[in-house]
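Number of protein chains: 2
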Amino acid sequence: MNGKLLRTQGVTAPAGFRAAGIKAGIKKSGKADLALVFNEGPETAAAGVFTSNKVKAAPVLWSQQVLTTGRVRAVVLNSGGANACTGAPGFQDTHRTAEELAAALSNWGTETGAIEVAVCSTGLIGDRLPMEKLVPGLTEIVHELAGGISGGTDAAHAIMTTDTVAKEAAFHHDGKWVVGGMAKGAGMLAPALATMLSVITTDAVATTEQLNQALRAATRLTFDRLDVDGASSTNDTVLLLSSGASGVEPSQEDLDAAVLAVCDDLAAQMMADAEGVTKRVRVTVTGAATEDEAVAAARTVARDSLVKTALFGSDPNWGRVMAAIGMAPITLDPDRISVSFNGNPVCIDGVGAPGAREVDLTGEDIHLVISLGIGDAEATIRTTDLSHAYVEENSAYSS
Amino acid sequence: MNGKLLRTQGVTAPAGFRAAGIKAGIKKSGKADLALVFNEGPETAAAGVFTSNKVKAAPVLWSQQVLTTGRVRAVVLNSGGANACTGAPGFQDTHRTAEELAAALSNWGTETGAIEVAVCSTGLIGDRLPMEKLVPGLTEIVHELAGGISGGTDAAHAIMTTDTVAKEAAFHHDGKWVVGGMAKGAGMLAPALATMLSVITTDAVATTEQLNQALRAATRLTFDRLDVDGASSTNDTVLLLSSGASGVEPSQEDLDAAVLAVCDDLAAQMMADAEGVTKRVRVTVTGAATEDEAVAAARTVARDSLVKTALFGSDPNWGRVMAAIGMAPITLDPDRISVSFNGNPVCIDGVGAPGAREVDLTGEDIHLVISLGIGDAEATIRTTDLSHAYVEENSAYSS
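Going down the list, the sequences are from chains C and D. Just so you know, the first sequence maps onto residues 1 to 399 in the working numbering. Just so you know, the second sequence maps onto residues 1 to 399 in the working numbering.
One or more of the hints may lead you astray.
Intra- or inter-copy, both count: the list cannot distinguish identical chains.
[What the hints assert, rightly or not] Here are the simulated DMTMM-like cross-link-like pairs (lysine to aspartate or glutamate), alpha carbons at most 20 angstroms apart as the crow flies:
| hint | residue 1 | residue 2 |
| --- | --- | --- |
| 1 | LYS176 | ASP292 |
| 2 | LYS4 | GLU364 |
| 3 | LYS176 | GLU40 |
| 4 | LYS176 | ASP273 |
| 5 | LYS279 | GLU392 |
| 6 | LYS279 | GLU393 |
| 7 | LYS54 | GLU132 |
| 8 | LYS54 | ASP349 |
| 9 | LYS54 | ASP333 |
| 10 | LYS28 | ASP315 |
| 11 | LYS54 | ASP335 |
| 12 | LYS28 | GLU358 |
| 13 | LYS4 | ASP365 |
| 14 | LYS54 | GLU358 |
Everything labelled a hint here was simulated from the structure, so no lab data went into it. Quick caveat: nothing in here was measured; it's all calculated off a predicted structure.
Next comes chain C alone, as it looks inside the complex:
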């Protein structure tokens, strides 16, 4: 597939999208906290994937309803509060947000119903949103909508919580159509803190079914395989919106590849900016009986606190990798397992390799490869080390 990926552009890179990010006063810090992504059309097909957590935030419950229509005109996102565990009043706040935004867009000239407005929230769980600040912001942000690249960048900044950098990516296919995206957080099935949110846009012409297929295939291989600490939020949401403004109808294969490229790059950016990260770690399991078992094994190792603290200490402690893999719910034969760090064998057929304790892991990137020697399937999970900074940041978040 021909095309190029840029990190300097996001959701407004494709034609037909405007975006904005403003300071509505939701965050006590005074930083930007309200974002809007608006689809000018001509089409409004959309797809979404949501958290698997049984405790779902009000905006997730609402947006799931919106997505059953297969159409999204606008996505409004706030940081500074997750609006989770807030009961019926919290759901009413989300509903009102969609209604007020729809009214503002209608007044602005684009007739919009609340059911066309997806809502995403991120921040501390359990507190009500300050609606007296959020509602005026909804009118203000509609007037800030800009079609240029800067609108997307403003939106990407306004959804940040503990992120230290905004995360954007855009894939230009042959100069004819584009997929753009923004994200915040550090994981899909396993984000740190409150939430992983991402909005992906495209000007390709595509049906809701085509968008669904592309989005599910891409998230399965990217956000779902980013696992910082095994925790999954109440608010995780990834949305894919199509304006069709390019007039180009790509093949499903090309659409899948472009959406995958954007999601993969956003996932890499999230890993690099994860809370307290000092090491960017990829855990690859090869020779598994099935891809599902490879994922399960890599995830078990990626979540193991003893492996993660060892990597923080640049310690090639492969015994902890063996102990972790032995707890994975998969088929294995301990005597066939081999392990390498950054290409250096440390364990061969279940026994330590010469020089294993001397492998240098002081660099920032660690690729841990575990060969099970059972079958042909493989998978990679992106993760991080477990550092003092992780403990520090997460022990002082709400207070």
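Since chain C is already given, all that's left is putting chain D on it; use the hints.
This is chain D only, laid out in the frame that chain C set:
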């Protein structure tokens, strides 16, 4: 049941047992590293439970074979090396350890076969044991065997790795028979670092079947519900040995209760001494559909890094508890969940309670109770916070 529990006595509290602990030179630090528990009889019935990790250390593979006979004459334990992931040569080292100890005991006057000798090891995974130091120690330690309380205490010290205190407990039943025990580590299904090892002794008259029942019932409620970091070792072993020296044949109910009392106290001691602990945390789930679901839910919360770092920060961040419980593989209704910290309600029917953010968690003991409102089953998991000290200790262990 009448009786009393003492922490000043261990495996030699029951009649018919001798023990010792010596410095064999296995540990580079020069600290005690070899322990022996010897059953003088007249009986040698025994039961054991072992790690569920698929990667099992050589001493586990050996001792599982020994326990199939239902009899154990002696348990030899070393710290300073786990003898795990050491292949066939490592297994030969364990076998030789049992043979050399059996020979030393036979020379000393008690005819013993290698198949009567259980072996336990703890320490770094992946290195061979220094047999040139261990083997001479086996003869030496037989001559150090002492029947008094001090022998048990010496043994309890010699199995320590990152433990800061030796862990012993003895339950005296009506002054007629006794269950004594020692342990090291911080968990059974989920220990920190290399291993949880425990040897329990009794002078009650009991069959292998009775011991098995008592041991499995006790470990299920104690060591299995201690979960410091979700990691499980290659070496975990709990053994229960009976000498029958009291001549008293207790009811199964009394035996179960006495073994449970000792295991429960040892588990509490392990929680209090877990790596990097600054908070002793109990997570109780009530109102679950089944006891298994209560355990699964409590374990999910107890393993959640975001919950554990919040507790380290004395932060009553109940939203993280809700997010964690939502990932548990159980039946739940978010709107029926209530949460309390140390008796203070922080979440009622899925919504924050007044004053929830002000609950004082600065003390060392935290009892987190989650009511699911689904059924009548409940369970408690003991765990700890996730602290800087945990990261420090585990990032600098092997190097």
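Against the structure, the hints come out as follows:
1. For the homomeric pair LYS176 and ASP292, neither the shortest alpha-carbon distance inside one copy (36 angstroms) nor that between copies (56 angstroms) is at most 20 angstroms.
2. Within a single copy, LYS4 and GLU364 get their C-alpha atoms no closer than 26 angstroms, and across copies no closer than 55 angstroms, so neither meets the 20 angstroms cut-off.
3. In this homomeric assembly, LYS176 and GLU40 come within 20 angstroms of each other (Cα to Cα) only inside a single copy, at 18 angstroms, whereas the closest approach across copies is 86 angstroms.
4. In this assembly of identical chains, LYS176 and ASP273 lie within 20 angstroms of each other by CA distance neither inside one copy nor across copies; the values are 31 angstroms within and 63 angstroms between.
5. For the homomeric pair LYS279 and GLU392, the shortest alpha-carbon distances inside one copy (16 angstroms) and between copies (16 angstroms) are both at most 20 angstroms.
6. For the identical chains of this complex, LYS279 and GLU393 are neighbours both inside a copy (16 angstroms) and across copies (18 angstroms), given an alpha-carbon limit of 20 angstroms.
7. Neither within a single protomer nor between protomers do LYS54 and GLU132 lie at most 20 angstroms apart by alpha-carbon distance, with minima of 29 angstroms and 56 angstroms respectively.
8. In this assembly of identical chains, LYS54 and ASP349 lie within 20 angstroms of each other by CA distance solely across copies; the values are 15 angstroms between and 40 angstroms within a copy.
9. In this assembly of identical chains, LYS54 and ASP333 lie within 20 angstroms of each other by CA distance solely across copies; the values are 8 angstroms between and 35 angstroms within a copy.
10. Proximity of LYS28 and ASP315 under a CA criterion of 20 angstroms is satisfied inter-copy only: 19 angstroms between copies versus 40 angstroms inside one chain copy.
11. Taking the closest pair of Cα atoms, LYS54 and ASP335 come within 20 angstroms of each other only across two copies (11 angstroms); inside a single copy the shortest separation is 39 angstroms, beyond that limit.
12. Proximity of LYS28 and GLU358 under a CA criterion of 20 angstroms is satisfied inter-copy only: 18 angstroms between copies versus 48 angstroms inside one chain copy.
13. In this assembly of identical chains, the alpha carbons of LYS4 and ASP365 never lie at most 20 angstroms apart, being 24 angstroms within a copy and 55 angstroms across copies at closest.
14. For the homomeric pair LYS54 and GLU358, neither the shortest alpha-carbon distance inside one copy (45 angstroms) nor that between copies (27 angstroms) is at most 20 angstroms.
Of the numbered hints listed earlier, those contradicted by the structure are 1, 2, 4, 7, 13 and 14.
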